[in-house]
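Its first residue numbered 1, the sequence shown is counted upward by one per residue in the numbering used here.
FYI, nobody ran anything at the bench for these hints, they're computed from the structure. Quick caveat: nothing in here was measured; it's all calculated off a predicted structure. Warning: the hint list may mix true and false statements.
[Said to hold, decoys possible] DSSO-like mimics (lysine-lysine), calculated; alpha carbons at most 30 Å apart, straight line:
hint	residue 1	residue 2
1	243	156
2	96	353
3	265	277
4	101	111
5	156	347
6	243	303
[Claimed, not checked] Restraint-style ranges between C-beta atoms, simulated for each label pair:
hint	residue 1	residue 2	range
7	341	89	34 to 44 Å
8	7	182	36 to 46 Å
9	149	324	47 to 57 Å
C-beta: ideal position from N, C-alpha, C; glycine also.
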Amino acid sequence: RHARNWKKIDRFVEAMKGLEERVVDVQHNNNVDGAIHGNDRVELADEDCYNGDHDKIDNGAGASQSKRASSGLPIPRSYDVVGDVAILNSLPEGDKDTQRKVGEWIMSRNKAMKICVARTNALSTAHRSPGASGLVQLAGPPRNPVITSHYEYGVKCVVDLQHTFFSPRMAPERLRLSQSVARGERVLVVFAGVGMEALQIAARTEAKEVLAIERNEVAAECLRRARRMLERNKTATCPGGGKGAVERLSIIEGDALDILPTLEKSSFDRIVAPRPKEGTLDGDQGTGDAGKDFLMAMLPLLKMKGEVHWYDFAADHELPNCDRTRETVQSVCQSLGLEMEVIHVAKVGSIAKRQFRVCMDFRIMRGLNVESSN
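Let the hints inform the model, and build the full structure from the sequences given.
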């Protein structure tokens, strides 16, 4: 039986390779738990292959490349897809009519895309969002504000693309986080944004409680809407299904530095901190404190042997060890009288040329002050 199943898979793979063109249904392809999530980044590539990298989907081959060239339009090589919205990183060259045709060409590649927009500025606001004037709609029915619902492994979130930050390319990382959560854990999600990390953990794990903290009022409202929709989610695998997930998920709107000191000490088993980049304050040339204030406020809330998923930003020359990030975390732990153990360090996404988002998973082993007193 095992051999027969592998032969079926081989035949399916050969059949897929023989297709002249592949179109990924970004709205429905990942409603089923564990399906390949097509709603992240689409590349009109030179080779007809899906390379296994969940951050990119090579959509069509030389056929797509030739169609792109024959269109006579400045079609970008890649774009992001969030829900039913195609997002270009910059405005295409040409006048408004040319830009409209580019948007229509991209939408024609997949009927699930209802509108096409382009960013006109960098994500430089306090909330790392384009802002009200930061997106220009190229094609599709007028939509303002630009709000959509986005599926990821069967869980839906609500995204205001103008006033919140959301990266569909982080989907595999969010799946990894949810798979790390053990039964009965109390999980704190700081910098929750629109809440996909918190929603995934609540819907897919047996966590006892999930607490999400978010400062951006628009993102917090998106999370509250997604929480209401989660109750009707029939694909949730946690105890009690969607209703059980909603009961375990709590949301606090406000600044993390104000809220964290009010929470009970040593009460959480796991902390997820997808910290947003603070412009020039972060990275290898950053002038900021690399998030030390947040670490100082978070770590006292963690139980002994509790784990933290801490996100930082590094240049290519700092990979794979990320010594600067390690030193930052170690210095905070020492100042709090804690000993830590690094579990995992890896890049989880690209933010600019030769600049990456990295995640360091570490565990609090014991308090040094307690150990010395014994």
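Verification of the supplied hints:
Taken as a hint, the residue 243 and residue 156 pair is honoured in the structure, with Cα atoms around 14 Å apart against an allowance of 30 Å. Only pairs whose Cα atoms come within 30 Å are accepted, and residue 96 paired with residue 353 is accepted, the gap being roughly 29 Å. Distance hint between residue 265 and residue 277 is fulfilled; the C-alpha atoms sit about 27 Å from each other, no more than 30 Å. At roughly 16 Å between alpha-carbon atoms, residue 101 and residue 111 fall within 30 Å of each other, so this suggested pair holds.
For the hint linking residue 156 to residue 347, the alpha-carbon distance of about 25 Å falls within 30 Å, and the restraint holds. Between the alpha carbons of residue 243 and residue 303 the distance comes to roughly 28 Å, so the proposed pair stays at or under 30 Å and holds. Between residue 341 and residue 89, the C-beta spacing of about 38 Å keeps the proposed range 34 to 44 Å intact. The beta-carbon spacing between residue 7 and residue 182, approximately 37 Å, falls within the hinted interval of 36 to 46 Å.
The given range of 47 to 57 Å is broken by residue 149 and residue 324, whose C-beta atoms sit roughly 38 Å from each other.
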